[in-house]
Amino acid sequence: MFTSGISKTTSIIIAILIVAVVVGGLYYYSTVTAPPKFPTKPITFIVSWAAGGGTDRTARMIAALLENMTGWKTVVENRVGGGGTIGHLAMATAPPDGHTIGVITFELSTFVWMGLANVSYKDFKPILLYNKDAAAIIVRADAPWKDAIELTNYIKANPGKLKASGTAKGGVWDIARIGWLKTAGVDPNALPWVPSTGAAPCLQDLIAGGVDICTCSLPEAGPLIEAGKVKALAVMDDKRNPAFPNVPTLKELGINWSFGTWRGLAVPKGTPDDIVKILHDALKKVIDSPQWKEFMDKNGFGMAYLPPDEFAKFLENDFKTVGELLKAAGYVQ
Amino acid sequence: MSLYDALQLALQPNVIFAVIIAEFFGVFIGAMPGLTATMATALLVPFTYFMDPLAGISMIIAMATVAIFSGDIPAVLLKIPGTPASAAQTIDAYQLGRRKPASTLGVDLVCSALGGLTGSLILMFSAPALAEFTSNFSTVEYFWLTLWGLSMAIVISAEEPIKGVLGVVIGFLIASIGIEPVYGYVRFTFGSVELLNGISFIPAMIGFFAIPELLRQISRPHERYSIQLLKGEKVFDLVVVALKKFKTVIVRSALIGTFIGALPGAGADIAAWTSYGVAKRVSKKPEEYGKGSLEGVVAATTANNAAISGAWIPTLVFGIPGDSITAIALGALMAHGLRPGPMLFERYGSLITAFFIIFIIANLLMILIGYLAIKLSTNILRVPRNILVPVIAVFCVIGAYAVNNSIFDVWVMLVLGILGYFMGRLGIPIPSVVLAIILGPMVEFNFITSLIKSDLNPIVFVSRPIAIGLAILTIFTWVLPFIRVRRIRRST
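Residue numbers (this note's numbering), protein chains in the order written: chain W, 1 to 333; chain F, 334 to 825.
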């Protein structure tokens with residue numbers, strides 16, 4: 001052997017010492033050195049909905065802008081299925097190291113109540129909220145009601161006569177209807193819900209005379225409002241939508257109710273706070289950028305922002321409200 | 334102004350580039366016997382998911398347009414149709430090709446382009462008007478319309494209606510897996526989370542249209558073809574003479590093709606057969622048909638390309654696909670959030686006009702790329718099968734996986750592929766199955782929501798004038814096969 005001068009025992013001791021120093025050093029650097037180097041690999045955005053859909057497009061825009069602004073590599077992964085449960089479950093169970101960001105959507109507030117999957121806001125640490133679209137009350141342009149109050153009174157006086165639509169049973173616009181009527185002191189069953197596969201087919205059915213009311217968002221109804229085929233009686237928001245300044249809020253009319261769909265970013269529960277902060281600060285710059293504003297305007301998505309702590313409160317509230325309303329409507333088994 | 338926007342959209346470099354790539358792909362797919370335009374669409378769609386909608390849909394349009402022409406290349410050179418749409422004219426085309434292969438293909442190419450252009454123009458002018466009309470449609474009208482579409486799938490596409498019915502029932506069964514859309518009941522998932530959203534459409538399409546064909550290729554003994562070599566003639570030699578001689582045939586065939594293409598369940602193959610049949614019946618020289626009639630070739634090849642464009646009319650206006658290619662393309666449109674119907678024209682007016690411009694571009698560009706294809710045809714036909722089949726199999730797996738990043742979808746693709754292979758052997762038409770997968774849920778959904786609106790009163794289905802018209806049309810379609818059978822019996 002070439003180590004003829006050193007005995008076997010000595011060489012083993014030296015080897016052990018070297019290993020100890022290296023391991024100890026690595027351990028030291030990994031625990032004490034702060035802040036941690038982040039990110040160390042590409043950041044994956046998980047989307048629970050199909051490629052090309054609204055949520056997917058916003059996620060791809062955020063990922064592209066983040067890559068541009070920070071130089072971090074980003075990947076968007078669509079985990080579609082189970083009415084959004086598969087993707088949300090994948091986000092919640094990803095390694096909590098900040099390299100997997102979930103694009104969480106309104107449906108997260110419904111899974112537990114509808115008995116679809118045991119995943120809720122409790123499994124996440126929120127980063128920020130980036131989109132909110134409030135529900136609006138849309139009727140045909142020649143409808144006889146002057147405002148939402150008249151309509152509400154008509155529904156109360158003629159239960160079951162009018163039909164509303166906008167999304168699936170227990171979907172966001174259905175819950176908006178239940179909340180509106182309940183707050184106004186009307187039995188939600190006085191305005192039966194006709195399930196539809198989305199706002200577009202519902203709006204068409206509205207024009208064709210198949211249903212009487214759509215409770216979808218203002219941007220979705222925008223082109224038809226401009227074309228003079230439908231009109232919006234009220235929007236279920238805290239303040240008026242700047243793009244539709246003539247549409248009053250329900251609160252202005254005395255019905256204290258606001259509700260809508262939302263999209264946000266979150267990481268799994270166990271992610272360290274300093275990583276959440278790094279992500280939040282980088283992503284805040286993204287949603288403040290002019291490119292993002294242009295994209296959101298062009299696609300008719302409502303811009304919004306809530307920082308982590310407020311987003312957490314918002315999620316908790318949304319979850320409770322949705323649960324109460326779904327119970328009130330008899331949807332919770 | 335909208336036209337200007339549309340031109341700007343359609344002439345983007347990435348869109349034009351996608352069209353050119355797709356045309357080369359289409360030439361190849363169409364020319365390979367056994368590889369169909371439908372199969373190529375199924376393989377292409379997963380890639381279009383990750384492109385912008387215009388470029389993605391343009392690829393499908395351009396690929397299908399060229400593949401239907403290119404299917405005539407092996408018909409002329411090998412006496413084997415490249416795609417089913419070329420079957421009607423194969424014998425005539427081959428007989429002509431024995432004397433003048435290149436110039437026969439030249440006439441073929443120009444007539445295909447003319448058929449495609451006519452179909453595109455009809456699409457351009459009729460679709461927006463029809464869409465305006467359908468804005469009066471509620472779920473009741475849609476119920477009848479989708480039911481009629483399904484009935485057509487049975488009556489037209491199957492030689493034996495009972496097998497068409499079987500296909501539709503299998504399609505219904507596949508489509509009913511998952512969360513039912515009205516009340517949210519879970520059906521046929523056997524506790525599987527993956528099945529909650531139902532069978533994914535694109536993996537199912539790849540399974541149904543690609544795997545059975547690959548299995549057939551494998552199970553067939555190795556065939557050696559004797560390829561007709563091109564002689565030293567010019568490709569466009571006969572074109573001017575043929576266009577002058579057959580101008581009425583071309584116009585009539587283009588109209589027949591567009592109309593048949595627009596009927597749900599009938600595609601380019603049925604359009605070609607129908608047009609060929611009509612041309613033979615009214616021809617001055619019917620004795621030439623089957624022995625190398627250029628008139629017959631012109632009639633069939635014009636009609637099949639017209640049908641490709643015509644099939645998009647009901648697809649864009651009603652969301653009811655006109656053939657299997659548009660059935661798959663419909664899945665791609667929906668994935669991009671482009672839901673067919675009047676709202677599509679209202680909201681994405683310039684995008685739709687851009688699609689129409691792409692149709693025109695694709696058909697014009699086909700003359701150039703088709704010319705190259707004719708020149709290179711013998712080389713294309715020599716690509717070895719034993720390499721091609723495994724390569725396509727790999728693309729099937731990648732495509733099925735890529736749409737949702739799901740291994741489960743790969744299994745879906747394989748299982749349905751094997752099912753499709755055996756259905757093919759039993760003569761159950763796969764297009765009927767696919768149409769049922771698309772239209773089945775629509776029929777059910779419109780039926781139940783209409784009943785909810787009327788508080789369960791079935792009178793709602795005949796309570797509106799358009800609905801009554803559509804109901805009569807549907808019932809007439811059901812009665813049609815019986816009338817036909819009686820007539821055949823009387824004549825024998």
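Don't take each hint at face value.
[Unchecked claim] Below, simulated EDC-like cross-link-like pairs (lysine to aspartate or glutamate); rule was C-alpha separation at most 20 Å, straight line:
no. : chain 1 : residue 1 : chain 2 : residue 2
1   : W       : K163      : W       : D147
2   : W       : K163      : F       : D788
3   : W       : K251      : W       : E150
4   : W       : K156      : F       : D385
Keep in mind that the hints were calculated from the coordinates and are not lab data. Model, not experiment: these values are computed from the prediction.
Query raised in the report: So which hints don't hold here, by number, going up?
Result: Result: hint 4 breaks, nothing else.
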